[in-house]
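Chemist: Okay, here's what each chain looks like letter by letter:
Number of protein chains: 4
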Amino acid sequence: MNDIAHLGHVELYTNQFDASLDFFTRVYGLTLTEQDATSAYLRAFDDYEHHSLKLTRHHTTGVAHIAYRASSEAALLSRVAKIEASGYEVIGWVDGDPGHGRAFRFKDPFEHVFEIYWETQRYHAPDVEKPALKNIAQRYHGRGAAPRRLDHLNLLAANVEEFQRFMETCLGSRVTEMIQLDNGRIGGCWFTVNNKTYDLACTEEHGAGTGRFHHLTYATDQREDILRAADIFLENGVHIETGPHKHAIQGTFFLYIWEPAGNRIELANSGARLILAPDWEPVVWTESERKKGQAWGLKTIETFHTHGTPPVE
Amino acid sequence: MNDIAHLGHVELYTNQFDASLDFFTRVYGLTLTEQDATSAYLRAFDDYEHHSLKLTRHHTTGVAHIAYRASSEAALLSRVAKIEASGYEVIGWVDGDPGHGRAFRFKDPFEHVFEIYWETQRYHAPDVEKPALKNIAQRYHGRGAAPRRLDHLNLLAANVEEFQRFMETCLGSRVTEMIQLDNGRIGGCWFTVNNKTYDLACTEEHGAGTGRFHHLTYATDQREDILRAADIFLENGVHIETGPHKHAIQGTFFLYIWEPAGNRIELANSGARLILAPDWEPVVWTESERKKGQAWGLKTIETFHTHGTPPVE
Amino acid sequence: MNDIAHLGHVELYTNQFDASLDFFTRVYGLTLTEQDATSAYLRAFDDYEHHSLKLTRHHTTGVAHIAYRASSEAALLSRVAKIEASGYEVIGWVDGDPGHGRAFRFKDPFEHVFEIYWETQRYHAPDVEKPALKNIAQRYHGRGAAPRRLDHLNLLAANVEEFQRFMETCLGSRVTEMIQLDNGRIGGCWFTVNNKTYDLACTEEHGAGTGRFHHLTYATDQREDILRAADIFLENGVHIETGPHKHAIQGTFFLYIWEPAGNRIELANSGARLILAPDWEPVVWTESERKKGQAWGLKTIETFHTHGTPPVE
Amino acid sequence: MNDIAHLGHVELYTNQFDASLDFFTRVYGLTLTEQDATSAYLRAFDDYEHHSLKLTRHHTTGVAHIAYRASSEAALLSRVAKIEASGYEVIGWVDGDPGHGRAFRFKDPFEHVFEIYWETQRYHAPDVEKPALKNIAQRYHGRGAAPRRLDHLNLLAANVEEFQRFMETCLGSRVTEMIQLDNGRIGGCWFTVNNKTYDLACTEEHGAGTGRFHHLTYATDQREDILRAADIFLENGVHIETGPHKHAIQGTFFLYIWEPAGNRIELANSGARLILAPDWEPVVWTESERKKGQAWGLKTIETFHTHGTPPVE
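Protein chains in written order, with full-length UniProt numbering: chain U, 1 to 313; chain C, 1 to 313; chain A, 1 to 313; chain L, 1 to 313.
Mixed in with the good hints, there may be bad ones.
Remember, identical chains collapse to one label, so a pair may be satisfied in a single copy or spanning two.
[Unchecked claim] Once the Cα atoms are required to be at most 25 Å apart in a straight line, the calculated DSS-like pairs of lysine-lysine come out as:
hint, residue 1, residue 2
1, Lys107, Lys82
2, Lys130, Lys292
3, Lys134, Lys299
4, Lys107, Lys299
5, Lys292, Lys82
6, Lys291, Lys130
7, Lys134, Lys292
8, Lys134, Lys291
9, Lys107, Lys134
10, Lys82, Lys130
I should point out that these hints are in silico values taken from the structure, not numbers from a laboratory.
With the sequences and hints as input, model every part of the structure.
Modeler: Right under this line is the structure:
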């Protein structure tokens, strides 16, 4: 097992806290574990930890921090040593949010804050949330889009190649797919620390911002869940940006929406696709291949290239 | 990454080779990579190796060997050392079948032959099988049930607890779920070496055989693929044993059929469920919980407890 | 167009009114239009009338009356004349429940009360239920099983052939499929007044009751909706009797549950199947064909033959 | 029952006969019933007649004729009398193609040829096509997209209102939905003769042609069949024009492709939606409502407004 086991949670900023929280619970279908003065802690019904999304009141939007869980205390320390030796900016140990133990924080070259941690608090379902089948973390409530678990996030960076070095160095991530632009730059890169096809993607920042966020994604069990969710989003006045459709890259069936504060949120399904080969060779897409659009020909919508959070002037 | 990366392939015996081969290609939807005098080498459309199923002419049915791929040459050797030190019966190095390098063979206490290998031959799709999207191994042909990839197999053993020690010792597998009978014995045990929920299950042998086989499973992307396959099996006169339904254990949506020679074959879908927790605690099911039947109440069909291959007198 | 346009609504008795109402609204996903001292009026999100289910407090369970809507006032009167001339027991005109105009009531030979009516009150969605797309009756709320519309009901009768004459005479129904028992009796008969494959089925009463009810069914858009509903029923402690599976007869994908008072309720999907042929020949199933079980081999569960409402001593 | 029971078949012209026939059988999944020197007769697996698509060699593309089946011989004659009295151009009785009896032909004001007929030859499945369940017309072969039945077609006309009068007068069709443009013209109109939501649509001709054809559609049982078909089309190099997505009008889940000769073909799913109300009020969409795009926001692709067959110079 790698030092880093999996993406654990993501903290998003919202400048419309109440509307965002209503969206994530009632419409998107996450469950609120706990709430304090500044943040709400949320999870999908089969996320095993205290939270996979921390939603925080702020004067703007975007991502506050990205957390990966280590495979053990020893793996955590081993990874910390590598990060400290790497030269990347270190913030250091923090106490950890409700729901997990101390975390080691550091930054990528584009101002995104990462943390890694080992100790965690498993979600213990209160009686009303006890599942009929004990192998899921919480009952399937069927409320809103009701995704099963956190899947991945997508960051923006001015230099994706530099970001790739960061991910390989600090998290031991491997690249599963990437876009090679005609100008030689890497247009996008998809990373994983385990057998998922990706847990983090980074695409080129076109908006001149730093530390910006593209989207956060939860996984559904079936593609039909996404078609059904499209109707739920429609009926609830949620801005549907694009989809449902199938990505050419990674083959994921997707639907992109904007939560009330403007953070882009995806709902996705990868079917039975996994990266099982230990010596997987990254799939490299050329610029001309990308111009064909998504898998079934949908052209990428303009805002997909320009809208990130926080917005840039 | 673990020493052992994933289940690589399974060799099944058939005493009705032509009928079995016709079933696996035309009806179940696998692709024939290569065939020699005694065996056919088959794979699902997104299996990345030369084959995931070796189908071999034989005087009876059942499993001939089970192969796992190691994570590297070093991992292979490290694992071999552990197996040699374990006291389990060793067969030793063999040249390896078409499609992969040398393999180290050994046996569990119930006469099932396992092998581990590192070097492999990736499937290179001939022109007619080239996919439109380069991130899948072969075009999606949509022929028959058309599963995406090998998923898992299920063996029978007189003593599941002993089998569990073997899996932990020899493959470094971890247990994700298990059945604890009232008499103290373990009725069944589900193992994985990676983030899949399981790649091998072992259930108690009720037929007084040794080295017997319960079923082999490929994964579909969607549950709808399984409902559609049920009609295809029906129209092709395939014996449908039970399903489609959802397992209580592991929550897998399943359909069991018997290929023409009598080996039980499953088609399954796990949705977005993965074992991401590095410290996953095995889910333990009691005998009374099992008596509730499958997830939605389907009672386990009698043959499911008695039919294994090869048949016992 | 036939005199009779479609099944309009069904009135069910419950001796556990509150529990039944909670089930039908929160779990099954119907919407309450109106409620008075004795009854609740409910509909699925795309039922265009005031209600498709009237749920009435009673000392026992079963069906109170079955209502079909005529194609016009003239068609209603023409049909009334035929019923009056038929010799079947007539109750006569009644004022009509909330939601529709006067209705003409009559009985089949097995004590089931039918009514036909023309004037109806369309459902006008209050603001909170206004759909985003104006071609559905109400917003898709996605609550519980959330079926689209009323589909059919199934009655029990001691003599199905006699019941068939009643349906043909009184409603102008045509038979789309039937079961011919070896003893010459008709074991079951499926009727329609329009292009649906059936709106009412009648199967042989094995419980020595009269006027008994077998089940009521709403239709979902997709089979996946039924698989998802199975989890919702499971999580809400609803008794799942059998399914999901596919009927051999009519090919309907089904799931049977018992609402809290014991009335059997189905959720079903017929795919794109319709009866478009004006000269459709009834499909006749023999007893030996029925013994094969449902489409994919599921054996019919014992209670399916014995459980009806109200219960018989 | 109406005089006209249902859309029976459509004859399409192709100037690439072999490629079109290969597409419709191998990729789209229809079955060839019969072929002569100029035409191939095709049907979906559950179409009950000899053919639902006649594919004819021609110097160009487009629709040759549209055929509806009457409800009886008397209904046919009654309808013929109405057409003859209508003043619309009459071609008169023709012998009828293989598979059905004499047909009465007439034209709409935009040069589309219609016919109505009563006598028909039911499809008798040869042994190899016999279904396992006798209530479908042919075995479910699962080949290609494998739709269940013919659904509808879409014609182009310079004056949709005039076309509407034609449909109401000659076929007794009713309008279920329509587009009312700001300039007062009707932009599109959806018609049905039975409980299907529509069997023919007519949209405004923007290409200055006459007698032109927009698309022909078959129905699948599930939306998942359409997602799966999208991959099959992709792998077979079929031009996917737009979709999969959900129409705002009629709520149909759709996918549009061009068969090799350029005729637009759709695959669609209407879920459980039917028009059961005998007094259904047409749903009228305004121009501004149409500008919102399809149900989930997909903008209508430019070619959808311009591409028809045959092409106009």
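Chemist: Compare the structure with the hints numbered earlier in the document and write down the numbers of the violated ones, lowest to highest.
Modeler: Hints 4, 5, 9 and 10 are the ones this structure does not satisfy, whereas the remaining hints hold.
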